[in-house]
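Go ahead and model the full structure; you've got the sequences and the hints to work with.
Those protein sequences? They're chains A and B, same order as listed.
Sequential numbering from 1 applies to the first sequence in this note's numbering.
Sequential numbering from 1 applies to the second sequence in this note's numbering.
To be clear, the hints were calculated from the coordinates, so they are not data collected in a lab.
Treat the hints with care, since some could be wrong.
Stated by the list, open to error - One side of the interface only, derived from the structure: several residues of chain B facing chain A at Cβ under 8 Å: (1) Y9; (2) A11; (3) L25; (4) R77; (5) L78; (6) R79; (7) K162.
The structure displayed is predicted, hence computed values, not measured ones.
Glycine included, every Cβ here is placed at the ideal spot set by N, Cα and C.
These are the residues of each chain, in order.
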Amino acid sequence: MFLPFFLELKAAKIPVSLREYLTLLEGLDAGLVTYDVEGFYYLARSALVKDERHLDRFDQVFGHVFKGLELLGGESGVDIANLPEEWLRRLAEKHLTEEEKKLIEALGGFDKLMETLRQRLEEQKGRHQGGSKWIGTAGTSPFGAYGYNPEGVRIGQDEGRHGRAVKVWDKREFRNFDDSVELGTRNIKVALKRLRRWVREGADDELDLSGTIRSTAEHGYLDVQTRPERRNHVKLLMFFDVGGSMDEHIRIAEELFSAVRSEFKHMEYFYFHNCLYEGVWKDNRRRHAEKIPTLDLIHKYGPDYKVIFVGDAAMAPYEVSHAGGSVEHWNEEAGAIWLGRVLDHWKNAAWLNPSKEQYWDYTASTAMIRKIFAHRMYPMTLAGIEGATRELSRRH
Amino acid sequence: MRFEGTAAYVADKDLMVAVNAAIALERPLLVKGEPGTGKTELARQIAAALDLELVEWNVKSTTKAQQGLYEYDAVSRLRDSQLGDAKFNDIANYIKPGKLWHAFTTDRKVVLLIDEIDKADIEFPNDLLQELDRNEFHVYETGETIRAMHRPIVIITSNNEKELPDAFLRRCFFHYIRFPDVETLTRIVEVHYPGIKQNLVRAALTQFYEIRDVPGLKKKPSTSEALDWIRLLVADDIAPEDLRADPKNALPKLHGALLKNEQDVHLFERLAFMARRQG
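Now the structure itself:
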C-alpha cells in the first residue's frame, strides 16, 4: 500500500531498506496510529529515517506523496524558462552600473533583453559552451555565465572567474577545516584502521593469562603476571593544502580530517599552501602571524611519526622547483628542497591527492611532486587511502 | 503499555509516537540530539512513567560489547584454586553478569539505557547486533544461553561523535530531539520551576535565544544550561530589567552557566569591545 512512498524515498536517496518498510507495516498492524496523519508521519519518520541529515528530504517526499504537493528542491525545482521577470529586473537594477544600464539600452532596453533571453532559452536545447549566440558558459553572448559582455545576464554562476592570478600577495581568508563534520566518515575510519599499531606501554594493569600459567607451572605456586594494556601507538603528522585550487575538494578533505582526528590520539596537523616551504601554520585565520618553522617540526617530531600530505599538487612548476617561486611570499629555498628534507626525516610518508588520478599526468607539478615522493601519491578514494595506509605501515 | 510523558518531562507528540512504537514493536529506540536536550533523561522518565526498573549502561571509550553481557574473572578463580576453595570447581561462580544479562533476567520488564553508544569503539554497535535483535546471547564458558524473559525497552543515546553502522541502524527506531522552540522551552522551565515569575522567564529566554544565535559559538547552550542559568538567576534574585541587553556589556549575567568554553567567553568579550567602540 505504501510501496510508491517507499520507492520515492529510495529515489530521493534516503537509505531505506525493506526491513525498515516492514517495520513500518508492523507498526501499523499493531495499531500504533489510527486515522491520524500526523501520527502516521511521526511513525513513518522514526521507522524509516535513521539520520537527522535525511529528515528534511524525508519531509519533502512525504509532503509530495501524501498531499500531492509539488516536489520542490534543488535546481530542478526552479523552472528556468519561466523565471519571473521581476527577479531578473530587480537583480539587474541592483548590480548594474549606470554605464552598463546604458549598454542595455543599446540592445533595445531591458524588456527586449529579457524577451530575447526567453526566446533563446526556448530555441536552445542542451548545454552550450563558447560561441557568441547561445546561452552557456564562457561565451560573448549577453546571456550565460563566465562571459565578457557587459550586457550579460548571469545564470547560475557562483564564483568570479577573473580572480585567477599568478601571484596572490594580498591576504585571503581561508576556512579552517571543521572537525565536527561527520559525513560518511565511517568508511574512511575503517580504512584508516589498518594504520593502527598496537603496543603495550605504561603501567602493568592487565592480567597476562598465558604468562601466569607458564610462570605458575614453572614455580609450582600461583605467580600472577601482569602486563601493560594494548594501546594504539601510531603517531601521525598531517599537512593540508588549503585555499586556491583546493577549494573544490574542501568537503572530502574535511571528512578525512575529522575521521583521522577521532581515530588517532597522537595526531598533529598543519596547513600549507600549494607546496611546503619553510613555514606552516595551525590556524588559517592567523596564518601570517603565527607561522611555525618547518625545521622546528623536523626537530620536534621524531622519525617514528608517519606523515600524510593532502593536496592536489596542482600549481605552477616553479612553485616546486625554484627559490622565490611561492605565490604567497618570498621563499629562500625551493619547495622541492623542503619536501626532500621532510622525506629524509620521516621515512613513512604519503601524499593523498583529491583530484582524479587520470588527470595527474596533465599537470607538470603533480608529476614533479609524485617523483619527489617516489610514487607514493594516492588518490583520495577509499582504495587510495587503503593503499596509503599500507605504504605508511611498512617498516623501514 | 503507553508512554504519555510525565509531570517532570515535556514530551512532544513525535517523541511519544517514537517511544510507543519502540515499546510496542520491541525494538531499540535510538535517540540523538544536541547535548543537553534530555536524551538520557528520556529513559529515566520512561522508567518512571511506566513504573519500571531502569538499568543504565554508560558506555565509555574503553567499553567492550562483551562487558555488557558478562565478564569471566579468571584471577579470582586462580586465587581460589591456590587457596583450595571448593568454589573454583564451578566456573559459573566466576562469571559476572553484565548490564544486558541483568536486563534480560529480571522477572519484570525493565528499561535498558545504553548511554552515549558513540563513545565506544567503532565496532561496538556491530558486536551488539545479535544480542539486541534476538534478545539472547551465549555464554561460552558455561555453555548456557541467556534468553530474555521479558524483552527490555531499549533506549540508546548518541552524540554523533561516530557514525553508526547501517546494519545497526536498520534494527532501531530513530528519533532526533530538536532544540525546543520558545513556547516549549517556557513549558519546560515551568515544569522545573513551578510558579516562577513570568517576566523573568521571558527576559531570560529572549536573551538565551539571542546567545544561541550568535554565530561562531563553539558550544551552543542547550536546555539543561538554560535551566541551570534560570535557577541561578532566581537564586541571586535578579530582576528582569537587569537582564536586558546592555550594549556595553555583551556578556550575560552569570554567564558561567551558559558559556562553557573560554573561546566562547572571548568571543563575547570581543563583541562587547566592538559594541563599546561603536557606542
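Okay, the hints, checked on the actual structure:
no.: 1; hint: Y9; in the structure: violated, 18 Å
no.: 2; hint: A11; in the structure: violated, 12 Å
no.: 3; hint: L25; in the structure: holds, 6 Å
no.: 4; hint: R77; in the structure: violated, 11 Å
no.: 5; hint: L78; in the structure: holds, 6 Å
no.: 6; hint: R79; in the structure: holds, 7 Å
no.: 7; hint: K162; in the structure: holds, 7 Å
Hints 1, 2, 4 from the earlier list are contradicted by this structure; the remaining hints agree with it.
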